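Peer 1: Sequence:
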Amino acid sequence: MMVGLPSSPIFADLYLTHLCNLSCGFCYYRAFPDAGGQELSTAGWKSVIDELATMKVLRVSIPGGEPFMRGDILELLEHIARRRMQIRLNTNGTLLDESIADALKNIGHFHEIQISLDGLRERHDAIRGQGTWDRATHAVRLLKGRGLPVSVNMVMTEENHGDCEAACRHFCEELKVDSLRVTPVNDVWSPLGSSSHRLTLEHTAELVAILARLAREYPALARGGSAFLAYYRNIRNPRPSPATPCRCCRMLWQGITIRADGAIVCCPNGGDKVLGHVGADSILEVWRDSPIMADLRNRAKAGRTDLPPQCDGCEYGWYCRQNCVALPPHAVQVCLKEIKRLLSD
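Residues in the sequence shown are numbered from 302 upward in steps of one, following my numbering.
Bear in mind the hints are in silico, worked out from the structure with no lab data behind them.
Accuracy of the hints is not assured; some may be wrong.
As the list claims (entries may be wrong) - Listed next, the in silico DSS-like pairs over lysine-lysine satisfying Cα-Cα at most 30 Å (straight line): (1) LYS477 x LYS406; (2) LYS406 x LYS445; (3) LYS357 x LYS602.
What the hints assert, rightly or not - Distance ranges between label pairs, derived from CB positions: (4) GLU518 x GLN634: 23 to 31 Å; (5) ALA354 x PRO592: 23 to 31 Å; (6) GLU518 x ASP398: 30 to 38 Å; (7) GLN611 x GLU518: 32 to 40 Å; (8) PRO592 x ASP398: 43 to 51 Å; (9) ARG442 x ALA523: 19 to 27 Å; (10) VAL633 x ASN407: 43 to 51 Å.
This one's a predicted model, so the numbers in the text were calculated from it and none came from an experiment.
Here a beta-carbon is modelled for each residue, glycine too, at the ideal position from N, C-alpha and C.
Kindly produce the complete structure, drawing on both the sequences and the hints.
Peer 2: This is the structure in structure tokens:
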């Protein structure tokens, strides 16, 4: 059953900057419409944070670009903490040092500090640049040493999927991360039409099997919420379709996203769907009343209807019907029926 609309968003994604000191080939932020444009000032972001606090937002996420490219990042994090909102911070870790780690410890209010590590040293450095693995793992140790909640996000591609098991073991046993999220590049790559870096279905099935096994050994993996583990759970629990309602998209009903240029958008996937602009429009009013949000919510409740004829009657049709409505029309990237077949071979 579809839940009603809360009185305000529960969480917010703030893209503080489009800048980054790295240039990963699969970076989703390059496709954001404001990439390279004018960013909100310190005062502008503080005003946004104050407005979110008034709305009783509980958690603020700071995704990429790289937040530590902003000279005022610690000031902004302090402002979020003073307004008593939890912080989820994403970083590639390469710019963190002892003084920054000390400052983050003093700021507190962190739900999670997520470091990007895409495999073991050789594969990670091939993706992100020579020496980045050592700097990122050093950042993990600095943060862990100060008792901060540290997670690792590892993006799996055709180039590094062979590292998965060894890397998971290293991050859980040696770095002792609090949570580990393993993300298929298919979930982050933009534009959708590109096949570069994408995992084959065969390799996706291999990773599903590996992670299902490792999650029983490492609680950090279970806490991380990997898409591969979701595939495994969904395969084991087919539902009738189309009788099963589509899920309530968490972003459309509980979240709001603000781009670096101050545009208020529906979610990270819908970076081009502008509801309004901070300073000129009320964040809460456009979140509640924007015709764009109303249309997306109605479409999410109905489920996608553009699936190919061969998907009719599939026991996993409910999963495919709930694929993101904020993106342009696109083929379903992961076929659970095929993964199930490959796992049983």
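Peer 1: Next step is simple, just say for each hint if it's right about the structure.
Peer 2: We went through each hint and held it up to the structure:
For the hint pairing LYS477 with LYS406, the CA-to-CA distance comes to about 18 Å; that is within 30 Å, so the pair holds. The hinted pair formed by LYS406 and LYS445 meets the criterion: a straight-line CA distance of about 10 Å does not exceed 30 Å. The straight-line distance between the Cα atoms of LYS357 and LYS602 is roughly 26 Å, inside the 30 Å bound, and the hint therefore holds. About 28 Å separates the C-beta atoms of GLU518 and GLN634, a value consistent with the hinted range of 23 to 31 Å.
The hinted window of 23 to 31 Å between ALA354 and PRO592 holds, with their beta carbons roughly 27 Å apart. In this structure, GLU518 and ASP398 meet the distance hint of 30 to 38 Å, their C-beta atoms being roughly 33 Å apart. About 37 Å separates the C-beta atoms of GLN611 and GLU518, a value consistent with the hinted range of 32 to 40 Å. Distance hint check: the CB atoms of PRO592 and ASP398 are about 47 Å apart, consistent with the given range 43 to 51 Å.
For the pair ARG442 and ALA523, the supplied restraint of 19 to 27 Å holds, since their beta-carbon distance comes to about 23 Å. In this structure, VAL633 and ASN407 meet the distance hint of 43 to 51 Å, their C-beta atoms being roughly 46 Å apart.
In summary, the structure agrees with every hint in the numbered list given earlier.
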